[in-house]
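Chemist: Chains as they are written, first to last, in my numbering: chain A, 1 to 404; chain B, 1 to 404.
These aren't lab readings, by the way, just hints derived from the structure by calculation. Do not take every clue at face value.
[To be verified] Listed next, the stretches of chain B that the computed footprint assigns to chain A, with coverage defined by at least 3 CB atoms under 8 Å from CB atoms of chain A:
#, stretch
1, 49–57
2, 83–90
3, 273–282
Note that the structure is predicted; figures quoted are calculated from it, not measured. Ideal Cβ placement from N, Cα and C applies to all residues, glycine included.
Number of protein chains: 2
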Amino acid sequence: MLIVQKYGGTSVGNVDRIKNVAAKIKSYWSEGHQVVVVVSARSGVTNELIARAKSISAAPSEREMDMLLATGEQETIALTALALHSIGVPAVSRTGAQAGIITDTFHSRARISQLTGGDIKERLNEGKVVIVAGFQGISSESEITTLGRGGSDLTAIALAAVLKADICQIFTDVDGVYTADPRIVLDARKLNHICYEEMLELAASGSKVMQSRSVEFAQKYGVPFEVRSSFNDQPGTIVKAFEKTMEDALVSGVALDRTQTRVTVGDLPDSPAAFAAIFDALGESSVSVDMIVKNVAPIPGKANLTFSVNTDQVGYAEKVITAALKKLGAGTFRSSGEIAKVSIVGVGMTSHPGVAGTLFRALSEAGINSELITTSEIKISVGIAPDKADLAVRSIHSAFGLDK
Amino acid sequence: MLIVQKYGGTSVGNVDRIKNVAAKIKSYWSEGHQVVVVVSARSGVTNELIARAKSISAAPSEREMDMLLATGEQETIALTALALHSIGVPAVSRTGAQAGIITDTFHSRARISQLTGGDIKERLNEGKVVIVAGFQGISSESEITTLGRGGSDLTAIALAAVLKADICQIFTDVDGVYTADPRIVLDARKLNHICYEEMLELAASGSKVMQSRSVEFAQKYGVPFEVRSSFNDQPGTIVKAFEKTMEDALVSGVALDRTQTRVTVGDLPDSPAAFAAIFDALGESSVSVDMIVKNVAPIPGKANLTFSVNTDQVGYAEKVITAALKKLGAGTFRSSGEIAKVSIVGVGMTSHPGVAGTLFRALSEAGINSELITTSEIKISVGIAPDKADLAVRSIHSAFGLDK
Numbered sequence: 001m002l003i004v005q006k007y008g009g010t011s012v013g014n015v016d017r018i019k020n021v022a023a024k025i026k027s028y029w030s031e032g033h034q035v036v037v038v039v040s041a042r043s044g045v046t047n048e049l050i051a052r053a054k055s056i057s058a059a060p061s062e063r064e065m066d067m068l069l070a071t072g073e074q075e076t077i078a079l080t081a082l083a084l085h086s087i088g089v090p091a092v093s094r095t096g097a098q099a100g101i102i103t104d105t106f107h108s109r110a111r112i113s114q115l116t117g118g119d120i121k122e123r124l125n126e127g128k129v130v131i132v133a134g135f136q137g138i139s140s141e142s143e144i145t146t147l148g149r150g151g152s153d154l155t156a157i158a159l160a161a162v163l164k165a166d167i168c169q170i171f172t173d174v175d176g177v178y179t180a181d182p183r184i185v186l187d188a189r190k191l192n193h194i195c196y197e198e199m200l201e202l203a204a205s206g207s208k209v210m211q212s213r214s215v216e217f218a219q220k221y222g223v224p225f226e227v228r229s230s231f232n233d234q235p236g237t238i239v240k241a242f243e244k245t246m247e248d249a250l251v252s253g254v255a256l257d258r259t260q261t262r263v264t265v266g267d268l269p270d271s272p273a274a275f276a277a278i279f280d281a282l283g284e285s286s287v288s289v290d291m292i293v294k295n296v297a298p299i300p301g302k303a304n305l306t307f308s309v310n311t312d313q314v315g316y317a318e319k320v321i322t323a324a325l326k327k328l329g330a331g332t333f334r335s336s337g338e339i340a341k342v343s344i345v346g347v348g349m350t351s352h353p354g355v356a357g358t359l360f361r362a363l364s365e366a367g368i369n370s371e372l373i374t375t376s377e378i379k380i381s382v383g384i385a386p387d388k389a390d391l392a393v394r395s396i397h398s399a400f401g402l403d404k
Numbered sequence: 001m002l003i004v005q006k007y008g009g010t011s012v013g014n015v016d017r018i019k020n021v022a023a024k025i026k027s028y029w030s031e032g033h034q035v036v037v038v039v040s041a042r043s044g045v046t047n048e049l050i051a052r053a054k055s056i057s058a059a060p061s062e063r064e065m066d067m068l069l070a071t072g073e074q075e076t077i078a079l080t081a082l083a084l085h086s087i088g089v090p091a092v093s094r095t096g097a098q099a100g101i102i103t104d105t106f107h108s109r110a111r112i113s114q115l116t117g118g119d120i121k122e123r124l125n126e127g128k129v130v131i132v133a134g135f136q137g138i139s140s141e142s143e144i145t146t147l148g149r150g151g152s153d154l155t156a157i158a159l160a161a162v163l164k165a166d167i168c169q170i171f172t173d174v175d176g177v178y179t180a181d182p183r184i185v186l187d188a189r190k191l192n193h194i195c196y197e198e199m200l201e202l203a204a205s206g207s208k209v210m211q212s213r214s215v216e217f218a219q220k221y222g223v224p225f226e227v228r229s230s231f232n233d234q235p236g237t238i239v240k241a242f243e244k245t246m247e248d249a250l251v252s253g254v255a256l257d258r259t260q261t262r263v264t265v266g267d268l269p270d271s272p273a274a275f276a277a278i279f280d281a282l283g284e285s286s287v288s289v290d291m292i293v294k295n296v297a298p299i300p301g302k303a304n305l306t307f308s309v310n311t312d313q314v315g316y317a318e319k320v321i322t323a324a325l326k327k328l329g330a331g332t333f334r335s336s337g338e339i340a341k342v343s344i345v346g347v348g349m350t351s352h353p354g355v356a357g358t359l360f361r362a363l364s365e366a367g368i369n370s371e372l373i374t375t376s377e378i379k380i381s382v383g384i385a386p387d388k389a390d391l392a393v394r395s396i397h398s399a400f401g402l403d404k
């Protein structure tokens, strides 16, 4: 088999962990598999480099930041190759450029435009393990680029696609995808499999396992992958295309996102044009908006718009909205506190009515008021008070029988 | 003017020093010069990386070590570019590969085979300062290579040659080339200029300012360069081709090398063939030999050979010599303790008789016995007891009036 493995920053965090990773790679290689390994920078290294850059320049150039940050992965590939050599496994490292990861020219958030794989196939055929630097590529202008958050997962999945790997394993510090965060719900269960759509909704709903982008890429190219722990040998969760049998599970998981803040734009003209002006302005400024509710205001002909934005972006959203309101000549901006977004996700939902009923009954029995609600084909999210978040997740998890 | 500057690891050792270097670069750029800057890894970084590699593998692959070590300079170029940006100087960084530093395929000690300069000229013409990673290149097989010790100096001098720079400045932690080590001789003087040949003899005689290799390269391509301090604004020492006026100085400097050990091969057949067998074996094993003396042994038809080898190489030299003696069927190996090599260097020597006389009179008056002697056109070296080394340097410095 041809296996692509990815080890995150925690898994290669220090010399001992790199040796552990090498031993794990050897166990697959010894069974006769061809192994391509993608590694991240050692945990902490990227943050150290960023801190050093920020102490020099408040707004560092993205091109130079990419030049700087790419060193983190380059260090890890060399050390991992050395660790394999020292236990008798032939191995060779490849930077993103050497692995033929060609990107566009948008520094710090480059997109892969072409992936040749370089000479990886030839090296595999020589019996070598090939270690590739995650997160980085080379632009069409021969500049070092980085792929942004979750970039190493993307490198692994893209390589798996282009090399036609039999499996892609994302080794991380969690055992797989759970029905809920095990730190909140003690009897949360690890899922054996989940489809891309559910994984995407979970990622968008605050589950930190993987960035949406890599899952979307896997979905687009039909690359099944497994999320599993680098610290034990348990099987993880396989993420793959939807299969009919998956419908048995009504709801796959409960996700929690604590990073939202509720924002209200009051006394707007009650017209689609006014709402469009607000959302267009936010969209052009790349502020993501979620859980939109429109209320009629006490003043006739006026309406209030309430929605959630990422807490990090509230200040920026206020600037953008205030400017838009000035143009409109009406309306007021108000930020009304953080909220927690609790979501249930499951492809089974589409064919089973009554899911929303079960959700709201669970919240009601726990005495939790939902302030904002949003739904998709396979997801229902509610915005609630942050101090009720854990209780809500536990109540919902139990109401859907996810512990069984 | 087009200026190539090189800043060593101590000069860019931390964020504050990088900011100082940026300010210094700005002062040249502001005067309208085009500036290309070569930087080393921050001091300590290379050693840290080596230690990390050694804790994984006792004999790390040179290819992977180059992959690892090249990250050190890549970090510095990005940080230096950011420091320039933050004080309003347009700057862009270039890895060795991007600067078109093409090398052969000998990892850890690659030689530059071609230097294109990449797009440096275009960037300079846009008014930008170009920051190039020293010490590294890219091989004809697209592998990252490093140039070995003193590699960053070589990068700077090679770039100065190919860009036809008006001057090449090697900024370091010393003020220039001195008539003797100022830690030993308090009234040692900084030389204003020195010729390549003298600089080479000084480097070979233990002066730590620069590696011979970079000086040889500068000599071959006729690149004058200046060695000066990055911590002050004093002019340094200009190293250039010999000019007639330089002959005024009989002796330019006194160098000291404490890294030699005296080795004796005793009871050899007194024949050139036997001596050749010993030196051929050492030569094939890349053990450098210096200060050779032949003594007739007490046994008729036998001779003793005494010479100095680098202390690091004594164990290896013993192995090589013992094997050669076995083939010869005669002779014994004996290492007879460390010696200090004190050398006087000066192009003026060739045309002034009596230099050796002054040297030995100085030693004699100081009560120092010289155990080994070797001479070249522009150098005389003596091997003496290590505990007499400082006294010898001071006595000789004064005897030649170098303090005046």
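Chemist: For the stretch 83–90 of chain B, does the count of residues with a C-beta closer than 8 Å to a C-beta of chain A reach 3?
Modeler: holds (count 3)
Chemist: Can you tell me if the stretch 273–282 of chain B counts as covered by chain A, using C-beta to C-beta distances under 8 Å and a minimum of three residues?
Modeler: violated (count 0)
Chemist: How does the coverage statement for the stretch 49–57 of chain B fare against chain A, requiring three or more residues with Cβ below 8 Å from a Cβ of that chain?
Modeler: holds (count 6)
Consistency with the previously given hints fails for number 3 only.
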